[in-house]
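Peer 1: Here the structure of chain L is known, so what remains is to put chain H in place on it, guided by the hints.
Spelled out from the first residue to the last, the chains are:
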Amino acid sequence: AIRVDDNDDSNKNSNKMNAPERAASFLLDEDSGEVKITYATDTKVSNAGTFTLNKEDHTMGNLLRMQLLRDPSVRFAGYYHPHPLVHYLDLKIQTTTSNVSPAEVLSSAIEDLSNEADHLITQVSDSIDQWRKENENQF
Amino acid sequence: ITVILFFCNPYPNYTKMPHQRFPKIQILSLASHEIKFVLSDTDTSMANTLRRIMIGEVPTLAIDLVEIHENSTVLNDEYIAHRLGLIPIRYQAPDSLRGGDVHGAFLSHRECVCYERCPRCSVEFELEVDYDTVNPARQAQDGAGGEDDEEDHEVMAPLTITSKDLKSNNEYVTPAHFLHQDEQDESQDDGIALVKIGPGQRLKLKAIARMGISKEHAKWCPVAVATYRFWPIITINDDACSTLTAEQKQELVDVCPDRILEYDEQVSGNITVAEDAWDTATYTEDLRVTQNMMKKRPEDEDFLSVEPSTDKFIFNVETTGAMDAEEILMASLRVLKDKLNYMAQEVEKVRDMNM
Numbered sequence: 001a002i003r004v005d006d007n008d009d010s011n012k013n014s015n016k017m018n019a020p021e022r023a024a025s026f027l028l029d030e031d032s033g034e035v036k037i038t039y040a041t042d043t044k045v046s047n048a049g050t051f052t053l054n055k056e057d058h059t060m061g062n063l064l065r066m067q068l069l070r071d072p073s074v075r076f077a078g079y080y081h082p083h084p085l086v087h088y089l090d091l092k093i094q095t096t097t098s099n100v101s102p103a104e105v106l107s108s109a110i111e112d113l114s115n116e117a118d119h120l121i122t123q124v125s126d127s128i129d130q131w132r133k134e135n136e137n138q139f
Numbered sequence: 140i141t142v143i144l145f146f147c148n149p150y151p152n153y154t155k156m157p158h159q160r161f162p163k164i165q166i167l168s169l170a171s172h173e174i175k176f177v178l179s180d181t182d183t184s185m186a187n188t189l190r191r192i193m194i195g196e197v198p199t200l201a202i203d204l205v206e207i208h209e210n211s212t213v214l215n216d217e218y219i220a221h222r223l224g225l226i227p228i229r230y231q232a233p234d235s236l237r238g239g240d241v242h243g244a245f246l247s248h249r250e251c252v253c254y255e256r257c258p259r260c261s262v263e264f265e266l267e268v269d270y271d272t273v274n275p276a277r278q279a280q281d282g283a284g285g286e287d288d289e290e291d292h293e294v295m296a297p298l299t300i301t302s303k304d305l306k307s308n309n310e311y312v313t314p315a316h317f318l319h320q321d322e323q324d325e326s327q328d329d330g331i332a333l334v335k336i337g338p339g340q341r342l343k344l345k346a347i348a349r350m351g352i353s354k355e356h357a358k359w360c361p362v363a364v365a366t367y368r369f370w371p372i373i374t375i376n377d378d379a380c381s382t383l384t385a386e387q388k389q390e391l392v393d394v395c396p397d398r399i400l401e402y403d404e405q406v407s408g409n410i411t412v413a414e415d416a417w418d419t420a421t422y423t424e425d426l427r428v429t430q431n432m433m434k435k436r437p438e439d440e441d442f443l444s445v446e447p448s449t450d451k452f453i454f455n456v457e458t459t460g461a462m463d464a465e466e467i468l469m470a471s472l473r474v475l476k477d478k479l480n481y482m483a484q485e486v487e488k489v490r491d492m493n494m
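Line order of the protein sequences matches chains L and H.
Under the working numbering, the letters of the first sequence match residues 1 to 139, in that order.
Under the working numbering, the letters of the second sequence match residues 140 to 494, in that order.
The following block holds chain L by itself, in its conformation from the complex (with noise of 0.2 Å):
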């Protein structure tokens, strides 16, 4: 029997040597130490830091800013993916005032954002059953 692997990983790193792993986009690699998030405050602005997320791209990256952009506490907020190969998101915030921290911000408004999905769960349920109901004469 001959045996022809798909997409095993074994056998990648021999076929095509500098390909890198297409599951490192988005797999924590724990065994060599890599953590999610990264926190450094920033020394030469004041009340500001930087969180640098490991495996994320603009899918939170964007979600994330624009959702602190709402909040009246954040002076700055950006982000940048710096290279498409390299997996890791470096998301700056800087807060109003000192009494506020970049991580509560990051808190809030990831908590924010939980709710709305929370609550598009319920209206995309509640929005099919009740086009299920209108529509039922056609089935």
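Some clues are possibly wrong.
Taking lysine to any residue pairs in the SDA-like style, the calculated list, with each CA pair at most 20 Å apart, reads [said to hold, decoys possible]: (1) 175/H with 488/H; (2) 163/H with 111/L; (3) 163/H with 121/L; (4) 451/H with 119/L; (5) 163/H with 132/L; (6) 163/H with 126/L; (7) 36/L with 450/H; (8) 488/H with 90/L; (9) 354/H with 131/L; (10) 163/H with 131/L; (11) 488/H with 132/L; (12) 488/H with 40/L; (13) 451/H with 118/L; (14) 36/L with 485/H; (15) 55/L with 81/L; (16) 488/H with 29/L; (17) 451/H with 126/L; (18) 306/H with 325/H; (19) 354/H with 88/L.
To give a feel for the contact side, a few chain H residues facing chain L, derived at Cβ under 10 Å [said to hold, decoys possible]: (20) 195; (21) 341; (22) 355; (23) 356; (24) 368; (25) 430; (26) 434; (27) 435; (28) 436; (29) 437; (30) 480; (31) 487.
Covered stretches of chain H, as calculated for chain L (at least 3 residues, CB under 8 Å) [what the hints assert, rightly or not]: (32) 257–268; (33) 462–471.
Hints listed in this document are in silico derivations from the structure and should not be mistaken for laboratory results.
Note that beta-carbon positions come from the ideal geometry of N, C-alpha and C, so glycine has one too.
Peer 2: Structure of chain H alone, referenced to chain L:
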């Protein structure tokens, strides 16, 4: 001073609800393979995130490993393995309402505790087709040949090996052969064509399907199309329009290739918006260019304007057959929630470290 504040109230939650959005969804049409809906009262970032998750991060099943025992077909081993990987595989538990969602039914093979593979993280398919075994039955059907059986130049029609020939070891998992009945009626084959064989050719293989996401390989993508467009906001300045003649109004209505405007001189004498304008508008330049020519001075007000909305989106999602369209929407919201929860936990860890 900052330290004292944190000591009294470790996580002062100063903003609870005010910045949350409350989006609305309205379904335009719903079939098992396609869903069209309008998402409103939310930002482009949420619409784009939903689109990206639907395309890239909803887990599905697809063939990942292929053991080829015999292949005397005209296609080589890896070609056939590639084609097998692209077949959409559907999981349908009979007593559940979930149309194809594999969440909770299977584990990712990286997380499964088994040695290599087990029924919990994978599904096995077997395929064995031999032209010469199948053919005697087919020859009997070719009664129209008649005396031709003795002739040497009688051409034996090739046999198509399709996705119907894959036999699964899990009764709830089968390949999705067709999207809907119309497609099946139009097709010449019984399923997705894999390879055509002739006399003396055989194909025997075992294929193992595993769960994955499209970011790893496009074969795991549950959607064929997942797009959104912006709802057009068409405003007509009636005061400015009243300065136009009837011919000018008719010209404005006719110049737009999407036909988003209507003008009936007898009925109202005003330009109105067509009823299906939201569906057909594509933000062409024609209206703007024609208006600028009609204005007496360039700084006059516009007669009408068509702008894309910033918070209302028309989504169109078409599946490959592996999951139902509404399931993809629900699954993408669930994946979004899981990602946000994971983020929230990790941010808490960072806050604890920095205290």
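Peer 1: For each hint given before, does the structure comply? Return the numbers of the non-compliant ones in rising order.
Peer 2: 1, 7, 9, 11, 18, 21, 24, 25, 26, 27, 28, 29 and 32
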